[in-house]
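Chemist: Work the whole structure out from these sequences, hints included.
Residue numbers 9 to 196, in the working numbering, belong to the letters of the sequence shown in order.
One or more hints might be untrue.
The list that follows gives simulated cross-link-like pairs (lysine to aspartate or glutamate, EDC-like), each with its CA atoms no further than 20 Å apart [to be verified]: (1) Lys-130 - Asp-70; (2) Lys-124 - Glu-160; (3) Lys-88 - Asp-114; (4) Lys-166 - Glu-76; (5) Lys-130 - Asp-69; (6) Lys-124 - Asp-69; (7) Lys-88 - Glu-160; (8) Lys-130 - Asp-86; (9) Lys-88 - Asp-115; (10) Lys-130 - Asp-95; (11) Lys-124 - Glu-91; (12) Lys-130 - Glu-76; (13) Lys-124 - Asp-114; (14) Lys-166 - Asp-86; (15) Lys-124 - Asp-86; (16) Lys-124 - Asp-95; (17) Lys-88 - Glu-162; (18) Lys-130 - Glu-167; (19) Lys-130 - Glu-162; (20) Lys-88 - Glu-122; (21) Lys-88 - Glu-98.
Don't read these hints as lab results, they were simulated from the structure.
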Amino acid sequence: MERRRTTTVNPENSGTTGKRNPLLLAALALVVCAAGAAGWGGWQRYEASHDDAASFAQARDDALAAGEQAVQNMNTLDHKALERGLDSWEQSTTGDLHRQLVDGRDDFVRQIAEAKTVSTAKVLSGAVTELDQRAGRAGVMVALRVTVTAPEGEPAVKESRLLGTLTRTAGGWKLSALGQAPVGSTGG
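Modeler: This is the structure in structure tokens:
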């Protein structure tokens, strides 16, 4: 009879066990999860930075902030700080509106110095009514409260809605037109 030789492997001596190290498995799982999260986060960031909607929203917010500030500037003037107020008007405008302000500056100075009034404006709300980024134009509607104080008497408070046209310049968005918003009537 032939004798067969059998070899048995003792797991304790072979260097491998039937059990896996749980810490190693947990670390491997964490590495895989972290790599997946980093990849997903990177992809989301890439998509957000190349999203036209995000850049459009930023342009809209920039136009609104500039429009509200410009409309507020155009409705604020103190006879004691006339030059600074008129400079603010000119810095907030461009185009024909800017030229009208520059050309009429001497008349404004005389009128306000004579009346000795102080007008302050507070923006109540604002909205972008149109935005054309390629053409560099935007429209805004701004609701504000203007308080005019004369040397004698009580301050007069008026709330109004103004429509402004903004033009993008090298210095940012500037008002190129400003006027009263039409007041609608209810049908009935």
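Chemist: Hint by hint, say whether it matches the structure.
Modeler: Results for each hint:
Between Lys-130 and Asp-70 the alpha-carbon distance is near 19 Å, which keeps this suggested pair within the 20 Å criterion. Annotation: proposed proximity of Lys-124 to Glu-160 holds, straight-line Cα distance about 10 Å (limit 20 Å). Annotation: proposed proximity of Lys-88 to Asp-114 holds, straight-line Cα distance about 15 Å (limit 20 Å). A distance of roughly 17 Å separates the Cα atoms of Lys-166 and Glu-76; the hinted pair therefore holds under the 20 Å criterion.
Between Lys-130 and Asp-69, the direct Cα distance comes to roughly 19 Å. Compliance with the 20 Å bound is thereby established for this hinted pair. Note on Lys-124 and Asp-69: the hinted pairing is violated, with a Cα-Cα distance of about 36 Å set against a maximum of 20 Å. Distance check on the hinted pair: Lys-88 and Glu-160 sit about 15 Å apart at the alpha-carbon level, within 20 Å; holds. Between the alpha carbons of Lys-130 and Asp-86 the distance comes to roughly 14 Å, so the proposed pair stays at or under 20 Å and holds.
Between Lys-88 and Asp-115 the alpha-carbon distance is near 16 Å, which keeps this suggested pair within the 20 Å criterion. For the hint pairing Lys-130 with Asp-95, the CA-to-CA distance comes to about 19 Å; that is within 20 Å, so the pair holds. Under the criterion of a C-alpha separation no larger than 20 Å, the hint pairing Lys-124 with Glu-91 is consistent with the structure, at around 14 Å. Restraint check for Lys-130 and Glu-76: satisfied, since their Cα atoms lie roughly 9 Å apart, inside the 20 Å limit.
Straight-line distance between C-alpha atoms of Lys-124 and Asp-114 comes to about 15 Å, which keeps the hinted pair within the 20 Å bound. At roughly 17 Å between alpha-carbon atoms, Lys-166 and Asp-86 fall within 20 Å of each other, so this suggested pair holds. The suggested pairing of Lys-124 with Asp-86 holds, with an alpha-carbon distance near 8 Å, which does not exceed 20 Å. A C-alpha spacing of about 18 Å is found between Lys-124 and Asp-95, which places the hinted pair at or below 20 Å, so the restraint holds.
Restraint check: the Cα-Cα separation between Lys-88 and Glu-162 comes to about 18 Å, which is no more than 20 Å; the hinted pair holds. Restraint check: the Cα-Cα separation between Lys-130 and Glu-167 comes to about 9 Å, which is no more than 20 Å; the hinted pair holds. A threshold of 20 Å between alpha carbons decides the hint, and for Lys-130 with Glu-162 the separation of about 18 Å falls inside it, so the pair holds. For the hint pairing Lys-88 with Glu-122, the CA-to-CA distance comes to about 11 Å; that is within 20 Å, so the pair holds.
For the hint pairing Lys-88 with Glu-98, the CA-to-CA distance comes to about 18 Å; that is within 20 Å, so the pair holds.
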